[in-house]
Every structure is written in C-alpha cells, then in structure tokens.
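Sequences listed follow chains S and W, in order.
In terms of the numbering used here, the first sequence opens at residue 216 and continues consecutively.
In terms of the numbering used here, the second sequence opens at residue 752 and continues consecutively.
Just so you know, these hints were derived from the structure itself, not from any lab.
It cannot be assumed that every hint is accurate.
Said to hold, decoys possible - Computed list of lysine-lysine pairs in DSSO-like fashion (alpha-carbon distance at most 30 Å, straight line):
| hint | chain 1 | residue 1 | chain 2 | residue 2 |
| --- | --- | --- | --- | --- |
| 1 | W | 846 | W | 754 |
| 2 | S | 323 | S | 288 |
| 3 | W | 806 | W | 822 |
| 4 | W | 764 | S | 237 |
| 5 | W | 821 | W | 846 |
| 6 | S | 237 | W | 804 |
| 7 | W | 808 | W | 821 |
| 8 | W | 769 | W | 806 |
| 9 | S | 224 | W | 769 |
| 10 | W | 754 | W | 808 |
| 11 | S | 237 | S | 272 |
| 12 | W | 808 | S | 280 |
| 13 | S | 224 | S | 237 |
| 14 | S | 280 | W | 764 |
| 15 | W | 804 | W | 846 |
| 16 | W | 754 | W | 822 |
| 17 | W | 822 | W | 808 |
| 18 | W | 846 | S | 288 |
| 19 | W | 804 | S | 272 |
| 20 | S | 224 | S | 288 |
| 21 | S | 224 | S | 280 |
| 22 | W | 754 | S | 272 |
| 23 | W | 821 | W | 806 |
| 24 | W | 846 | W | 822 |
Note that this is a predicted model, so its numbers are computed, not measured.
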Amino acid sequence: AQRVTQPEKLLSVFKGAPVELKCNYSYSGSPELFWYVQYSRQRLQLLLRHISRESIKGFTADLNKGETSFHLKKPFAQEEDSAMYYCALWNNQGGKLIFGQGTELSVKP
Amino acid sequence: DVKVTQSSRYLVKRTGEKVFLECVQDMDHENMFWYRQDPGLGLRLIYFSYDVKMKEKGDIPEGYSVSREKKERFSLILESASTNQTSMYLCAISKAGAGTEAFFGQGTRLTVV
Numbered sequence: 216a217q218r219v220t221q222p223e224k225l226l227s228v229f230k231g232a233p234v235e236l237k238c239n240y241s242y243s244g245s246p247e248l249f250w251y252v253q254y255s256r257q258r259l260q261l262l263l264r265h266i267s268r269e270s271i272k273g274f275t276a277d278l279n280k281g282e283t284s285f286h287l288k289k290p291f292a293q294e295e296d297s298a299m300y301y302c303a304l305w306n307n308q309g310g311k312l313i314f315g316q317g318t319e320l321s322v323k324p
Numbered sequence: 752d753v754k755v756t757q758s759s760r761y762l763v764k765r766t767g768e769k770v771f772l773e774c775v776q777d778m779d780h781e782n783m784f785w786y787r788q789d790p791g792l793g794l795r796l797i798y799f800s801y802d803v804k805m806k807e808k809g810d811i812p813e814g815y816s817v818s819r820e821k822k823e824r825f826s827l828i829l830e831s832a833s834t835n836q837t838s839m840y841l842c843a844i845s846k847a848g849a850g851t852e853a854f855f856g857q858g859t860r861l862t863v864v
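Whenever a hint applies, use it, and build me the whole structure from the sequences.
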C-alpha cells in the first residue's frame, strides 16, 4: 500500500541550528513527492516538490530511492520557520495526493 | 491569485444531524479533494473528484458522501453526524495530471456535540 510516514510529531531546535524533518514513503513506481507547510493561522501551501530540485526559503529535499526517503533540510533554522510540515506523495495509480502525519517544527530564539 | 473558499470557518452541529460542507474554486481546476486534519494523524483523504459528477473514495470515506454537480463546487456531506467526526476539514484543488500543486481552502472546524 502507498504510505507516507513522518516519524517525528515535534521537532524543537534553536535558531541557527540545522534542521532535518524526516519523511519515508512506500510506493510501487516512480514517486512524485512534495513538502507542504502550514504556518500559524494560514492555509496549507506547497513548500517544494522533488521534481523541481529547488531550494525554497533555504529548504531542500532530496529523493533517495534506495532508502525510500525524502527528508527536508535547512542548514540554519529561523524563528519564522516554525510551522507544521507535511510530506506528501502523489499516487499515480489512484490519482490522489497522500499526506504523512505531519511534523511540528518549533524554532526557539 | 488562487481562490478556494470553504463556506464556513466554524460549525457546531448536533449528533445525528445531516451536515453540508461546501467548497468553491475559481481556478477551473479539474481535481477537488476533501481531507480531515487531526493532530498526530495528519491529513486523511475522505473523497476526491477529478471531473463533474465523478467521485472516488479516499482512505476514510465511511460516514461521508460527496457531490460535484458543477466543476467549481465540491460538497462534503455527513449523513448523520457523530462526535468522532469532530475535526478540521480541508478542501483542496489541483489541475489534472500527475504531481501538480494542490491549493487549499482555509478549513472548516466542525464540532459535533
């Protein structure tokens, strides 16, 4: 079955520290993976997608097919990065977008 | 600017009531989704639709139904609300095709008492 797993419910770091939010997936085929973010009192929005291979707000994510992972990284966390982060997988076979459980990132001053 | 509008921000309903949650988009996107968002469980897909009058079950369709009579409107129906359906409900849209960006509504916080 297609599944997205985010093992950490909460990740707390200090400003300036590196951040890595973990995401693992199970999918039979070539996955299309995304990170979505929800800031306090805002809508859920796309942060980045693996096919773009871009860096958004200093965040990057690399698809590792061998480890079936798509971890989100940032070398120096900022307080404004505090938010809820969701990893998502597009299921081509079902035509639907599947999300993980979410990780709350808290960046302390 | 993409607009996905959910009809209510907050709703309080009684157990057994029939509840309608409406989602309207102005982007002419083909795909529309309903999720519920619960702490620790993330977003779980209830139903989705890729065309008018088409609907597909998601991962947790029990106790829900949907209607898509027009391309821009996707309704989620709780046939007989129960307390375990208290949740945040999110509507999302995306263009047809694999891996396109999803745009979300502001959410409806439903409380069933």
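- Task: With a cut-off of 30 Å on the C-alpha distance, tell me whether residue 806 of chain W and residue 822 of chain W pass.
- Result: holds (12 Å)
- Message: Please verify whether residue 808 of chain W and residue 280 of chain S have alpha carbons no more than 30 Å apart.
- Response: holds (28 Å)
- Do the alpha carbons of residue 224 of chain S and residue 769 of chain W lie within 30 Å of each other, as the hint requires? violated (33 Å)
- Take a quick look at whether residue 754 of chain W and residue 272 of chain S sit within 30 Å of each other, Cα to Cα. holds (23 Å)
- Is the Cα-Cα distance between residue 846 of chain W and residue 288 of chain S 30 Å or less? Within the cut-off at roughly 28 Å; holds.
- Keeping to a limit of 30 Å between CA atoms, is the pair of residue 224 of chain S and residue 237 of chain S held or broken? holds (10 Å)
- Message: Hinted pair, alpha-carbon criterion (30 Å max): residue 804 of chain W, residue 846 of chain W. Please report holds or violated.
- Response: At roughly 17 Å apart (the allowed maximum being 30 Å), residue 846 of chain W and residue 804 of chain W satisfy the hint.
- Verify the proposed pairing of residue 237 of chain S with residue 804 of chain W, using a straight-line Cα cut of 30 Å. This hinted pair is violated, its Cα atoms lying about 38 Å apart.
- Message: Given the hinted pair residue 804 of chain W and residue 272 of chain S, is their Cα-Cα distance within 30 Å?
- Response: Cα-Cα ~39 Å, so violated.
- Task: Could you grab the alpha-carbon distance between residue 821 of chain W and residue 846 of chain W and see if it respects the 30 Å cut-off?
- Result: Measuring from Cα to Cα gives roughly 16 Å; hence the hint holds.
- Decide if the proposed pair is consistent with the structure: residue 822 of chain W and residue 808 of chain W, CA atoms, cutoff 30 Å inclusive. holds (18 Å)
- Task: For the pair we were handed, residue 237 of chain S and residue 272 of chain S, check the Cα-Cα distance against 30 Å.
- Result: holds (18 Å)
Consistency with the previously given hints fails for numbers 4, 6, 9, 14 and 19, ordered from lowest to highest.
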